[in-house]
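Listed below are the residues making up each chain.
Protein chains: 2
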Amino acid sequence: MNLILIEPEELGHDNTARLTDGRAAHLRDVLKVVPGDEVRIGLVDGNRGTAVVHDMAHDAVVLTCRLTEPAPPRPSVDLLLALPRPKVLRRLFAQCTALGVNRIMLTNAARVERHYFDTHVLTRDCYRPLLIEGLQQARDTRLPIVSVHRQFRVLVEDLLDEWTAPATRVVAQPGHGERMHTLIQDAGHSRVLLAVGPEGGWNDFERSLLESRGFAPISMGTRALRSDTACVALLALAHDALESRTQRMHTTALHAS
Amino acid sequence: MNLILIEPEELGHDNTARLTDGRAAHLRDVLKVVPGDEVRIGLVDGNRGTAVVHDMAHDAVVLTCRLTEPAPPRPSVDLLLALPRPKVLRRLFAQCTALGVNRIMLTNAARVERHYFDTHVLTRDCYRPLLIEGLQQARDTRLPIVSVHRQFRVLVEDLLDEWTAPATRVVAQPGHGERMHTLIQDAGHSRVLLAVGPEGGWNDFERSLLESRGFAPISMGTRALRSDTACVALLALAHDALESRTQRMHTTALHAS
Numbered sequence: 547m548n549l550i551l552i553e554p555e556e557l558g559h560d561n562t563a564r565l566t567d568g569r570a571a572h573l574r575d576v577l578k579v580v581p582g583d584e585v586r587i588g589l590v591d592g593n594r595g596t597a598v599v600h601d602m603a604h605d606a607v608v609l610t611c612r613l614t615e616p617a618p619p620r621p622s623v624d625l626l627l628a629l630p631r632p633k634v635l636r637r638l639f640a641q642c643t644a645l646g647v648n649r650i651m652l653t654n655a656a657r658v659e660r661h662y663f664d665t666h667v668l669t670r671d672c673y674r675p676l677l678i679e680g681l682q683q684a685r686d687t688r689l690p691i692v693s694v695h696r697q698f699r700v701l702v703e704d705l706l707d708e709w710t711a712p713a714t715r716v717v718a719q720p721g722h723g724e725r726m727h728t729l730i731q732d733a734g735h736s737r738v739l740l741a742v743g744p745e746g747g748w749n750d751f752e753r754s755l756l757e758s759r760g761f762a763p764i765s766m767g768t769r770a771l772r773s774d775t776a777c778v779a780l781l782a783l784a785h786d787a788l789e790s791r792t793q794r795m796h797t798t799a800l801h802a803s
Numbered sequence: 547m548n549l550i551l552i553e554p555e556e557l558g559h560d561n562t563a564r565l566t567d568g569r570a571a572h573l574r575d576v577l578k579v580v581p582g583d584e585v586r587i588g589l590v591d592g593n594r595g596t597a598v599v600h601d602m603a604h605d606a607v608v609l610t611c612r613l614t615e616p617a618p619p620r621p622s623v624d625l626l627l628a629l630p631r632p633k634v635l636r637r638l639f640a641q642c643t644a645l646g647v648n649r650i651m652l653t654n655a656a657r658v659e660r661h662y663f664d665t666h667v668l669t670r671d672c673y674r675p676l677l678i679e680g681l682q683q684a685r686d687t688r689l690p691i692v693s694v695h696r697q698f699r700v701l702v703e704d705l706l707d708e709w710t711a712p713a714t715r716v717v718a719q720p721g722h723g724e725r726m727h728t729l730i731q732d733a734g735h736s737r738v739l740l741a742v743g744p745e746g747g748w749n750d751f752e753r754s755l756l757e758s759r760g761f762a763p764i765s766m767g768t769r770a771l772r773s774d775t776a777c778v779a780l781l782a783l784a785h786d787a788l789e790s791r792t793q794r795m796h797t798t799a800l801h802a803s
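Note that the protein sequences, when read in sequence, are chains A and B.
In terms of my numbering, the first sequence opens at residue 547 and continues consecutively.
In terms of my numbering, the second sequence opens at residue 547 and continues consecutively.
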């Protein structure tokens with residue numbers, strides 16, 4: 547926990563927040579704070595700043611908050627992910643959020659097992675704390691937007707263009723396709739929309755539909771990865787390629803001036 | 547399981563192997579094979595090939611193996627990893643192996659809890675099946691070499707040069723340093739030695755020692771990642787950068803000829 551996130555409704559008019567849950571335990575037992583100490587905090591979907599430990603009585607920790615740093619920008623990567631097994635999904639929520647993702651669109655696909663949709667991991671009460679965990683790890687405050695889609699075709703044909711800003715669209719395929727860095731470097735967009743298939747891959751229909759909607763196949767080499775490993779690896783590559791692109795554009799601008 | 551790995555001692559003189567464990571269950575229940583079917587196989591640290599399902603009686607599956615494809619090359623990335631929590635380590639063994647790693651050197655560091663060394667996850671009986679799982683996922687046969695080091699300084703000063711081939715040495719730091727792609731592209735080496743620190747980071751002594759031994763700091767942006775997420779992300783970046791480097795050298799060679 548590199549940042550303690552506070553919900554807007556927890557923040558009193560006097561800028562104090564009274565924590566009693568895992569965050570209080572973390573402050574007490576891991577960070578071993580005493581009254582007067584300063585800790586890094588953030589407001590869910592809001593500013594970041596610092597808080598002074600005001601009081602520690604019983605199980606509560608009372609913080610006086612100063613949220614003066616503007617909220618970080620929302621991440622420039624959106625994720626279209628074929629719904630993985632509940633156990634994997636549970637792990638991925640925090641990991642994807644830590645790496646930085648603006649939207650997580652969980653979709654059906656031919657090779658997704660139907661019963662995956664019945665898991666309670668898809669309920670907001672279950673996944674929201676996992677998103678918060680990822681944000682607290684990465685010192686971010688911006689909650690990803692999560693949506694669940696039982697109809698792949700409706701998502702790709704009707705919703706994607708409306709829901710996502712213009713972006714380099716890529717779909718990972720084992721073994722063939724361009725490299726992510728090359729594609730993103732040469733593209734006109736400063737955002738990425740990444741499609742990650744189910745364990746057995748997209749089927750031909752799904753692949754063609756994605757390609758017809760501008761998704762370029764990218765390769766991560768010939769090794770077949772489990773979908774959680776692939777997802778973390780691809781998000782890391784997407785962010786890295788976007789940052790390289792920004793750096794290169796800065797350098798070009800400097801040389802031109 | 548994209549490849550069934552067979553131990554050398556399981557392979558009879560007549561090239562048959564009789565499986566009774568999880569691999570037999572996978573063949574029967576997931577791949578739903580029947581006698582006469584062909585499956586992809588590999589020999590641990592050896593060749594790859596195909597096998598024909600010869601017999602299925604009781605709980606056993608008997609395969610007739612043809613291991614004619616030479617073993618894949620060993621991965622060109624070595625990993626020096628501050629020993630993570632046992633639960634995280636257990637997960638990382640398979641994930642790192644799937645991404646491709648030649649050596650996994652698990653080391654002590656100031657911010658590694660001493661009791662992490664007592665876990666049974668560090669016993670060969672526990673981690674070897676996890677490495678095999680990663681290999682079967684990635685269709686590789688080359689077992690990573692795992693070693694455990696209670697003395698960081700002895701490892702870095704005395705063993706590293708002997709144990710690892712010349713490589714671009716990089717150490718991940720949140721927030722500052724060059725980008726991995728840039729460093730690897732411009733380097734004379736076709737291998738990477740990657741150092742990943744403990745949850746709280748390397749301390750000053752450890753960082754200086756690594757830098758004095760040629761480890762260049764690289765940045766993955768300002769987001770702080772859990773060590774398992776960081777490890778998967780960095781291995782993916784290292785492989786991607788090495789493959790981009792190889793492609794660029796091919797292109798340069800083509801233009802020069």
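FYI, nobody ran anything at the bench for these hints, they're computed from the structure.
Mixed in with the good hints there might be a few duds.
Since the list gives no way to pick out one identical chain from another, each pair is judged satisfied if it fits inside one copy or across any two copies.
Computed list of lysine to any residue pairs in SDA-like fashion (alpha-carbon distance at most 25 Å, straight line) [as the list claims (entries may be wrong)]:
no.	residue 1	residue 2
1	Lys578	Gln697
2	Lys578	Arg564
3	Lys578	Arg636
4	Lys633	Thr614
5	Lys633	Pro618
6	Lys633	Leu577
7	Lys578	Lys633
8	Lys578	Pro763
9	Lys633	Phe751
10	Lys633	Ser758
11	Lys578	Arg772
12	Lys633	Glu703
13	Lys633	Leu613
14	Lys633	Leu800
15	Lys633	Thr610
16	Lys578	Arg759
17	Lys578	Arg660
18	Lys633	Pro675
19	Lys578	Arg670
20	Lys578	Leu729
21	Lys578	Ala711
22	Lys578	Leu800
23	Lys578	Leu613
Values in this document were obtained by computation on a predicted structure and should not be read as measured data.
Verification of the hints:
1. Lys578 <-> Gln697: Answer is neither: 49 Å inside a copy and 28 Å across each miss the 25 Å cutoff.
2. Lys578 <-> Arg564: within (17 Å within a copy, 56 Å between copies)
3. Lys578 <-> Arg636: neither (29 Å within a copy, 29 Å between copies)
4. Lys633 <-> Thr614: For Lys633 and Thr614, neither the intra-copy (38 Å) nor the inter-copy (37 Å) Cα distance is at most 25 Å.
5. Lys633 <-> Pro618: Classified as neither; 30 Å inside a copy, 31 Å across copies.
6. Lys633 <-> Leu577: between (30 Å within a copy, 22 Å between copies)
7. Lys578 <-> Lys633: This pair counts as between: shortest inter-copy Cα distance 24 Å, intra-copy 32 Å.
8. Lys578 <-> Pro763: neither (49 Å within a copy, 31 Å between copies)
9. Lys633 <-> Phe751: neither (27 Å within a copy, 39 Å between copies)
10. Lys633 <-> Ser758: Neither, since 32 Å and 42 Å both go past 25 Å.
11. Lys578 <-> Arg772: between (38 Å within a copy, 20 Å between copies)
12. Lys633 <-> Glu703: Classified as neither; 29 Å inside a copy, 41 Å across copies.
13. Lys633 <-> Leu613: neither (36 Å within a copy, 35 Å between copies)
14. Lys633 <-> Leu800: Result: close neither inside a copy nor across copies, 48 Å intra and 47 Å inter.
15. Lys633 <-> Thr610: The answer is neither: 38 Å in one copy and 35 Å across copies each exceed 25 Å.
16. Lys578 <-> Arg759: neither (52 Å within a copy, 35 Å between copies)
17. Lys578 <-> Arg660: Close across copies (20 Å), not inside one copy (46 Å); limit 25 Å.
18. Lys633 <-> Pro675: Answer is both; intra-copy 15 Å and inter-copy 20 Å each pass.
19. Lys578 <-> Arg670: neither (31 Å within a copy, 37 Å between copies)
20. Lys578 <-> Leu729: Cα proximity of Lys578 and Leu729: none, with 47 Å in one copy and 39 Å across.
21. Lys578 <-> Ala711: neither (43 Å within a copy, 44 Å between copies)
22. Lys578 <-> Leu800: For Lys578 and Leu800, the Cα distance exceeds 25 Å both inside one copy (47 Å) and across copies (61 Å).
23. Lys578 <-> Leu613: within (22 Å within a copy, 58 Å between copies)
The structure fails hints 1, 3, 4, 5, 8, 9, 10, 12, 13, 14, 15, 16, 19, 20, 21 and 22 (numbered hints given earlier, in ascending order).
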